[in-house]
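So the chains spell out like this:
Number of protein chains: 4
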Amino acid sequence: MEKKILLADCPDQKGLISKITNICYKHQLNISNNTEFVDRTHNRFFMRTELDGIFNDETLLADLDSALPTGSHRKLVSASRKRIVILVTKEAHCLGDILMKNYYGGLDVEIAAVVGNYDNLAELAEKFDVPYHTVSHVGITREEHEEKIIETVSAYQPDYVILAKYMRILTPNFVAAFENKIINIHHSFLPAFIGAQPYKQAFERGVKIIGATAHYVTNNLDEGPIILQDVIHVDHKYSAEDMARSGKDVEKSVLSKALRLVLEERVFIYENRTVVF
Amino acid sequence: MEKKILLADCPDQKGLISKITNICYKHQLNISNNTEFVDRTHNRFFMRTELDGIFNDETLLADLDSALPTGSHRKLVSASRKRIVILVTKEAHCLGDILMKNYYGGLDVEIAAVVGNYDNLAELAEKFDVPYHTVSHVGITREEHEEKIIETVSAYQPDYVILAKYMRILTPNFVAAFENKIINIHHSFLPAFIGAQPYKQAFERGVKIIGATAHYVTNNLDEGPIILQDVIHVDHKYSAEDMARSGKDVEKSVLSKALRLVLEERVFIYENRTVVF
Amino acid sequence: MEKKILLADCPDQKGLISKITNICYKHQLNISNNTEFVDRTHNRFFMRTELDGIFNDETLLADLDSALPTGSHRKLVSASRKRIVILVTKEAHCLGDILMKNYYGGLDVEIAAVVGNYDNLAELAEKFDVPYHTVSHVGITREEHEEKIIETVSAYQPDYVILAKYMRILTPNFVAAFENKIINIHHSFLPAFIGAQPYKQAFERGVKIIGATAHYVTNNLDEGPIILQDVIHVDHKYSAEDMARSGKDVEKSVLSKALRLVLEERVFIYENRTVVF
Amino acid sequence: MEKKILLADCPDQKGLISKITNICYKHQLNISNNTEFVDRTHNRFFMRTELDGIFNDETLLADLDSALPTGSHRKLVSASRKRIVILVTKEAHCLGDILMKNYYGGLDVEIAAVVGNYDNLAELAEKFDVPYHTVSHVGITREEHEEKIIETVSAYQPDYVILAKYMRILTPNFVAAFENKIINIHHSFLPAFIGAQPYKQAFERGVKIIGATAHYVTNNLDEGPIILQDVIHVDHKYSAEDMARSGKDVEKSVLSKALRLVLEERVFIYENRTVVF
Numbered sequence: 001m002e003k004k005i006l007l008a009d010c011p012d013q014k015g016l017i018s019k020i021t022n023i024c025y026k027h028q029l030n031i032s033n034n035t036e037f038v039d040r041t042h043n044r045f046f047m048r049t050e051l052d053g054i055f056n057d058e059t060l061l062a063d064l065d066s067a068l069p070t071g072s073h074r075k076l077v078s079a080s081r082k083r084i085v086i087l088v089t090k091e092a093h094c095l096g097d098i099l100m101k102n103y104y105g106g107l108d109v110e111i112a113a114v115v116g117n118y119d120n121l122a123e124l125a126e127k128f129d130v131p132y133h134t135v136s137h138v139g140i141t142r143e144e145h146e147e148k149i150i151e152t153v154s155a156y157q158p159d160y161v162i163l164a165k166y167m168r169i170l171t172p173n174f175v176a177a178f179e180n181k182i183i184n185i186h187h188s189f190l191p192a193f194i195g196a197q198p199y200k201q202a203f204e205r206g207v208k209i210i211g212a213t214a215h216y217v218t219n220n221l222d223e224g225p226i227i228l229q230d231v232i233h234v235d236h237k238y239s240a241e242d243m244a245r246s247g248k249d250v251e252k253s254v255l256s257k258a259l260r261l262v263l264e265e266r267v268f269i270y271e272n273r274t275v276v277f
Numbered sequence: 001m002e003k004k005i006l007l008a009d010c011p012d013q014k015g016l017i018s019k020i021t022n023i024c025y026k027h028q029l030n031i032s033n034n035t036e037f038v039d040r041t042h043n044r045f046f047m048r049t050e051l052d053g054i055f056n057d058e059t060l061l062a063d064l065d066s067a068l069p070t071g072s073h074r075k076l077v078s079a080s081r082k083r084i085v086i087l088v089t090k091e092a093h094c095l096g097d098i099l100m101k102n103y104y105g106g107l108d109v110e111i112a113a114v115v116g117n118y119d120n121l122a123e124l125a126e127k128f129d130v131p132y133h134t135v136s137h138v139g140i141t142r143e144e145h146e147e148k149i150i151e152t153v154s155a156y157q158p159d160y161v162i163l164a165k166y167m168r169i170l171t172p173n174f175v176a177a178f179e180n181k182i183i184n185i186h187h188s189f190l191p192a193f194i195g196a197q198p199y200k201q202a203f204e205r206g207v208k209i210i211g212a213t214a215h216y217v218t219n220n221l222d223e224g225p226i227i228l229q230d231v232i233h234v235d236h237k238y239s240a241e242d243m244a245r246s247g248k249d250v251e252k253s254v255l256s257k258a259l260r261l262v263l264e265e266r267v268f269i270y271e272n273r274t275v276v277f
Numbered sequence: 001m002e003k004k005i006l007l008a009d010c011p012d013q014k015g016l017i018s019k020i021t022n023i024c025y026k027h028q029l030n031i032s033n034n035t036e037f038v039d040r041t042h043n044r045f046f047m048r049t050e051l052d053g054i055f056n057d058e059t060l061l062a063d064l065d066s067a068l069p070t071g072s073h074r075k076l077v078s079a080s081r082k083r084i085v086i087l088v089t090k091e092a093h094c095l096g097d098i099l100m101k102n103y104y105g106g107l108d109v110e111i112a113a114v115v116g117n118y119d120n121l122a123e124l125a126e127k128f129d130v131p132y133h134t135v136s137h138v139g140i141t142r143e144e145h146e147e148k149i150i151e152t153v154s155a156y157q158p159d160y161v162i163l164a165k166y167m168r169i170l171t172p173n174f175v176a177a178f179e180n181k182i183i184n185i186h187h188s189f190l191p192a193f194i195g196a197q198p199y200k201q202a203f204e205r206g207v208k209i210i211g212a213t214a215h216y217v218t219n220n221l222d223e224g225p226i227i228l229q230d231v232i233h234v235d236h237k238y239s240a241e242d243m244a245r246s247g248k249d250v251e252k253s254v255l256s257k258a259l260r261l262v263l264e265e266r267v268f269i270y271e272n273r274t275v276v277f
Numbered sequence: 001m002e003k004k005i006l007l008a009d010c011p012d013q014k015g016l017i018s019k020i021t022n023i024c025y026k027h028q029l030n031i032s033n034n035t036e037f038v039d040r041t042h043n044r045f046f047m048r049t050e051l052d053g054i055f056n057d058e059t060l061l062a063d064l065d066s067a068l069p070t071g072s073h074r075k076l077v078s079a080s081r082k083r084i085v086i087l088v089t090k091e092a093h094c095l096g097d098i099l100m101k102n103y104y105g106g107l108d109v110e111i112a113a114v115v116g117n118y119d120n121l122a123e124l125a126e127k128f129d130v131p132y133h134t135v136s137h138v139g140i141t142r143e144e145h146e147e148k149i150i151e152t153v154s155a156y157q158p159d160y161v162i163l164a165k166y167m168r169i170l171t172p173n174f175v176a177a178f179e180n181k182i183i184n185i186h187h188s189f190l191p192a193f194i195g196a197q198p199y200k201q202a203f204e205r206g207v208k209i210i211g212a213t214a215h216y217v218t219n220n221l222d223e224g225p226i227i228l229q230d231v232i233h234v235d236h237k238y239s240a241e242d243m244a245r246s247g248k249d250v251e252k253s254v255l256s257k258a259l260r261l262v263l264e265e266r267v268f269i270y271e272n273r274t275v276v277f
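Same order as they appear, the protein sequences are chains Z, G, P and C.
Residue numbering for the first sequence follows full-length UniProt numbering, starting at 1 and increasing by one per position.
Residue numbering for the second sequence follows full-length UniProt numbering, starting at 1 and increasing by one per position.
Residue numbering for the third sequence follows full-length UniProt numbering, starting at 1 and increasing by one per position.
Residue numbering for the fourth sequence follows full-length UniProt numbering, starting at 1 and increasing by one per position.
Below, simulated SDA-like cross-link-like pairs (lysine to any residue); rule was C-alpha separation at most 20 angstroms, straight line:
(1) Lys26(Z) - Leu7(Z)
(2) Lys19(C) - Asn22(P)
(3) Lys19(Z) - Tyr25(G)
(4) Lys19(G) - Asn33(Z)
(5) Lys200(G) - Arg44(C)
(6) Lys14(G) - Tyr25(Z)
(7) Lys14(G) - Asn33(Z)
(8) Lys75(C) - Ile5(C)
(9) Lys26(P) - Ala67(P)
(10) Lys90(Z) - Arg142(Z)
(11) Lys19(Z) - Leu76(Z)
(12) Lys237(Z) - Phe277(C)
(13) Lys19(Z) - Ala67(G)
(14) Lys181(C) - Ala112(C)
(15) Lys4(Z) - Gln28(Z)
(16) Lys19(P) - Asp63(P)
(17) Lys14(G) - Ile54(Z)
(18) Lys26(P) - Tyr25(C)
(19) Lys257(Z) - Asn180(Z)
(20) Lys200(G) - Ser239(G)
(21) Lys127(P) - Asn120(G)
(22) Lys200(Z) - Asn43(P)
(23) Lys237(P) - Leu7(Z)
(24) Lys237(Z) - Val38(P)
It is worth saying that the hints were derived from the structure and are not from the lab.
Working from the sequences, and respecting the hints, build out all of it.
Written out as structure tokens, the structure reads:
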């Protein structure tokens with residue numbers, strides 16, 4: 001007995017649930033959890049099905065391909081533990097939260113390595129027995145630096161790459177190397193305060209809320225599909241530094257929750273938006 | 001072409017979604033929206049399906065009854081506009097919010113009548129052309145008063161009875177007359193501060209949040225199945241009166257949202273808990 | 001015995017609280033409530049003091065002027081009921097919330113008139129016995145229309161002008177006519193989604209929160225000092241229309257709360273930011 | 001130049017702010033931050049003043065004692081770093097959050113030791129170079145165990161004792177040993193779900209929010225003065241275990257924030273309630 005997750009999305013049409021669940025039934029797979037959604041704006045159907053049983057992936061997918069309309073995507077993924085690599089710069093809170101939850105409960109993932117452009121978080125990764133690689137950007141070009149990062153990360157063949165406050169801008173080259181696999185935490189409620197120093201921007205604008213956004217990374221800075229967002233209330237007593245400090249709790253909480261959703265294969269990407277089951 | 005909603009819950013077993021959607025498909029009904037959930041604690045399956053087509057209710061339900069296991073509940077309800085009667089005492093905010101939303105958009109319901117034990121909200125109901133009945137409790141027993149209320153409400157044959165800050169305790173007689181049809185808004189985050197004057201209790205306990213709870217009414221005061229809850233933050237500057245005033249926005253918002261969920265047939269009751277799709 | 005509120009802000013220096021409270025004490029005024037704040041970024045002191053007693057405004061202010069440093073602002077305002085004019089376009093919810101709260105409790109303000117560029121909310125204003133003026137923009141220039149609005153509003157000499165979903169852009173002429181007296185509710189968490197159709201923008205960006213912002217109106221569209229903001233969580237199931245409908249509860253709640261703060265003279269404006277006591 | 005915090009509370013009367021700030025001025029102390037509040041229900045005045053300068057504590061307090069009415073409390077505390085001891089049982093998240101924040105920024109406190117009734121968190125404390133003491137409750141009476149705990153904790157002379165998910169009930173003996181110095185995190189929105197297994201209780205009651213409460217510990221279980229509370233929304237998909245897992249983020253965030261408030265001397269206790277500046 002194995003556990004797998006079927007993810008399918010396609011143009012909406014009559015009878016899709018019936019067709020898909022019948023195929024699962026025919027394959028003697030038990031549906032332990034099922035969620036569907038129809039995006040009426042784009043007339044698209046999304047379905048996520050947790051299955052238990054003995055799988056013949058090839059014939060199951062072939063049956064699905066016969067049944068589903070043109071323009072469908074479907075994948076059958078194992079529900080087993082995923083592998084991630086975490087990228088960091090200098091801030092410890094997001095990395096620490098993931099390490100703590102993975103060690104003491106709350107997340108269940110293989111953290112293959114932490115890669116940073118400084119060495120100051122090596123100690124934290126080592127506290128939790130996770131390999132740490134310092135790949136300094138000093139004295140080399142952005143392209144050279146990124147190549148080294150890609151090489152270091154790729155060696156671990158991660159399912160996902162987590163930017164846990166990695167403060168460097170990525171090139172299309174990097175994004176292409178891990179397409180739809182890079183999750184970033186941005187320290188503002190996007191689309192407000194794109195780019196550098198969002199808390200400074202927030203202070204100057206005089207906002208009464210600050211927040212954080214977890215999103216997939218695409219080639220447009222801070223414009224990828226949003227997975228999760230949250231905010232906290234602030235007031236005039238908060239300096240930009242106070243905002244930054246208070247915001248950390250939101251950042252780490254949003255990133256950890258988004259990571260969990262991604263690891264459980266709950267997130268579809270479509271038209272630069274996400275469907276999160 | 002008609003639109004109906006199928007609600008089914010039963011002991012969980014393999015193939016339920018497939019069976020139910022097949023029956024719908026066989027009846028040439030289109031599933032425009034579908035949600036399922038399995039409560040693992042009670043091993044119970046819940047499914048809500050929005051259907052479009054031409055219905056033969058009798059054969060559809062017969063087919064479902066053949067397919068579903070012992071211990072199933074199922075109902076097929078029209079997706080058309082529901083009829084409610086609202087009970088009030090003296091406070092205007094919840095009634096006003098429902099009236100405003102029904103008149104200007106946000107709710108779509110037939111408000112058959114408002115019934116109050118005082119006459120001071122008659123003017124408000126009349127502003128929105130809704131009949132108002134004053135059924136005073138003065139000079140009669142609780143039982144006599146309730147009989148009059150039941151009589152007045154029953155005359156309208158409401159789908160639901162909404163207690164929009166109706167401040168009198170109901171007897172089992174009343175609850176039985178409108179079983180699983182009475183929605184109450186309680187001005188605390190239940191189960192805290194059951195009973196009278198929750199804001200006074202909240203002030204005395206020195207809480208830092210206050211809230212509201214919309215729930216179905218059962219025979220146990222403030223202990224019925226919870227539909228929705230929300231809170232706001234307060235601090236030492238709030239007197240009990242400030243809490244009561246600020247709480248009104250939460251109360252009306254929670255009641256309106258819960259009412260909308262109920263009217264759209266999104267709420268299952270099971271084991272004194274709700275499944276809200 | 002009268003009740004007044006003293007608002008003072010000035011460059012910070014040693015002994016300010018002592019100086020100001022001594023002056024109040026010397027004038028035999030009782031401080032029933034006092035709040036101060038020092039903005040360290042701008043090195044500026046803010047103080048709001050509720051005073052009871054018999055006032056000689058002229059000598060009190062003269063004493064303060066002697067005591068306070070260069071660059072100070074101070075005003076002494078009556079704590080009595082303020083007068084407002086409300087501007088609307090077609091949406092009823094913010095207007096309705098203010099009318100309801102003023103009539104049944106929660107706000108205490110003289111609503112001198114409602115002015116709209118359509119006539120469809122006349123009925124709502126009249127339900128609550130508030131004069132309504134339709135000033136149509138049809139067939140005249142923006143400037144001509146605004147002149148008419150200014151004239152209509154000015155006739156009531158309002159303390160504040162509330163834009164309760166008034167959907168037309170104001171010219172500097174209008175802003176100058178009611179400087180620091182115009183409060184707007186914008187249906188997004190600013191600075192995100194400035195301008196028209198923020199919910200449509202929010203849907204297209206795929207955000208997971210939507211919100212509302214109450215702010216003073218300056219010459220830069222949606223860029224005035226923010227008084228209050230709040231958000232609610234949304235997910236992929238929300239269409240742009242669902243966002244708009246759900247957002248209304250946040251809009252009306254944020255505007256009503258901000259209005260209350262403004263009416264109680266709790267808001268300082270400084271450097272395009274607010275200090276809210 | 002030193003930095004101290006003056007905390008005073010007394011029956012309200014005219015001129016208190018003036019009197020106190022004059023005394024500070026006379027002592028050539030600069031007020032860098034000042035907050036007052038009058039609790040109208042109990043007619044009591046609270047004031048917290050951050051002072052910079054050269055202090056003669058004895059004469060300053062003597063001057064204050066002369067000026068303040070009967071029934072006053074006042075204390076002058078150093079703004080320097082406090083010392084805490086943390087008590088734990090088996091759960092790591094609250095302890096981990098405090099250790100992380102203290103090490104990497106967000107809290108600034110001397111964590112003198114962690115004391116647990118199991119040894120499984122020793123490793124975590126040691127990761128951050130904090131001494132850990134296992135004081136097992138096995139094979140001894142509750143009283144004997146508590147005596148050992150008191151002895152171990154007392155040896156460090158902590159300013160505060162933090163119960164970071166310490167799951168044992170304290171006797172009056174323990175509470176007396178650290179009066180008004182014990183901070184607990186309870187994993188529910190008190191006063192709901194007092195006592196053991198609040199998430200199990202929450203699941204069974206079918207609530208739609210879960211939360212956490214940081215409070216001072218008194219002799220009545222979970223009934224001490226509340227410092228801070230927060231909640232998150234849950235739905236029918238949450239099992240009791242899911243609630244427990246999700247609740248951890250709220251617990252650790254609420255405890256860390258409350259601890260920060262306490263360490264900055266921002267919390268007054270009065271009539272089993274708190275005033276939090």
